[in-house]
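Engineer: With our numbering applied, the sequence shown covers 172 to 403.
No lab work stands behind these hints, which were simulated from the structure alone.
Treat the hints with care, since some could be wrong.
What the hints assert, rightly or not - Once the Cα atoms are required to be at most 16 Å apart in a straight line, the calculated EDC-like pairs of lysine to aspartate or glutamate come out as:
id	residue 1	residue 2
1	K178	D349
2	K348	D240
3	K392	D290
As the list claims (entries may be wrong) - Pair ranges (Cβ atoms, derived):
id	residue 1	residue 2	range
4	D220	D240	13 to 23 Å
5	Y390	D220	16 to 26 Å
6	D218	A395	39 to 49 Å
Ideal Cβ positions, reconstructed from N, Cα and C, are used throughout, including at glycine.
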Amino acid sequence: MLEELKKRVYEANMLLPKYGLVTFTWGNVSEIDRESGLFAIKPSGVDYDKLKAEDMVIVDLNGKVVEGDYNPSSDTATHVELYKAFKNIGGVVHTHSPFATSWAQAGRSIPCYGTTHADYYYGEVPCLRCLSADEVEEAYEENTGHLIVNEFERLGIDYEAVSACLCKNHGPFTWGKDGVDAVHSAVVLEEVAKMALRTETINPKVAPAPQYLQDKHYYRKHGANAYYGQKK
Numbered sequence: 172m173l174e175e176l177k178k179r180v181y182e183a184n185m186l187l188p189k190y191g192l193v194t195f196t197w198g199n200v201s202e203i204d205r206e207s208g209l210f211a212i213k214p215s216g217v218d219y220d221k222l223k224a225e226d227m228v229i230v231d232l233n234g235k236v237v238e239g240d241y242n243p244s245s246d247t248a249t250h251v252e253l254y255k256a257f258k259n260i261g262g263v264v265h266t267h268s269p270f271a272t273s274w275a276q277a278g279r280s281i282p283c284y285g286t287t288h289a290d291y292y293y294g295e296v297p298c299l300r301c302l303s304a305d306e307v308e309e310a311y312e313e314n315t316g317h318l319i320v321n322e323f324e325r326l327g328i329d330y331e332a333v334s335a336c337l338c339k340n341h342g343p344f345t346w347g348k349d350g351v352d353a354v355h356s357a358v359v360l361e362e363v364a365k366m367a368l369r370t371e372t373i374n375p376k377v378a379p380a381p382q383y384l385q386d387k388h389y390y391r392k393h394g395a396n397a398y399y400g401q402k403k
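Kindly produce the complete structure, drawing on both the sequences and the hints.
Structural biologist: Structure follows, in structure tokens:
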């Protein structure tokens, strides 16, 4: 079981450079096996071109390393908190992809300007507050996870309807049903961030897409009456 999990997580991690989401080692993917409560995650600071499936680190939901020769990603504690709170997710991704990170550094949520965005996220992708000095000093990565969970609850955002967020002055986190699905969200987020920037450059007075159009595009792909794609 663990070898298969490590293989899947390795393959998901290798999608990050494939889609141009990482520079050097600036990113990580994890995937959890809910039955065992263990997840695999990329090792910290290991170059993608040197990475192997057996290098993935197995961690439990207390953040303890169960198996692996390397230290796990420095963002492991954030992944732990997301898995503990968002019960229906199976994969988490963090990158510093340039367009999404630019919105995060600007402290701005990404508005839904069109149907591409609406196909994947129900409403804007939120930019959350910056952690306080005490939160950073006390337990930076763990508190990043708490921030995401608490802010989604406070704002009333369904984490399954908006599978991404921006942490102010930091960067994006995305999640999905498994590691590959979380990477898919990260790729979409980067494209949405790019298009939103260009949209505002072309028309600084642009308004978000009408709610009825957002609803149509989101619900035709998601929910009980979705009809996009092929029936399984």
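Engineer: All the hints need checking, so say for each whether the structure fits it.
Structural biologist: Evaluated hints:
A C-alpha spacing of about 13 Å is found between K178 and D349, which places the hinted pair at or below 16 Å, so the restraint holds. At most 16 Å may separate the alpha-carbon atoms for a hinted pair to count; K348 and D240 exceed this at roughly 27 Å. The hinted pair formed by K392 and D290 meets the criterion: a straight-line CA distance of about 7 Å does not exceed 16 Å. Here the CB-CB span from D220 to D240 is close to 18 Å, well matched to the stated 13 to 23 Å.
For the pair Y390 and D220, the beta carbons lie near 42 Å from each other, so the given range of 16 to 26 Å is not met. Roughly 45 Å separates the CB atoms of D218 and A395, a value that falls within the hinted 39 to 49 Å.
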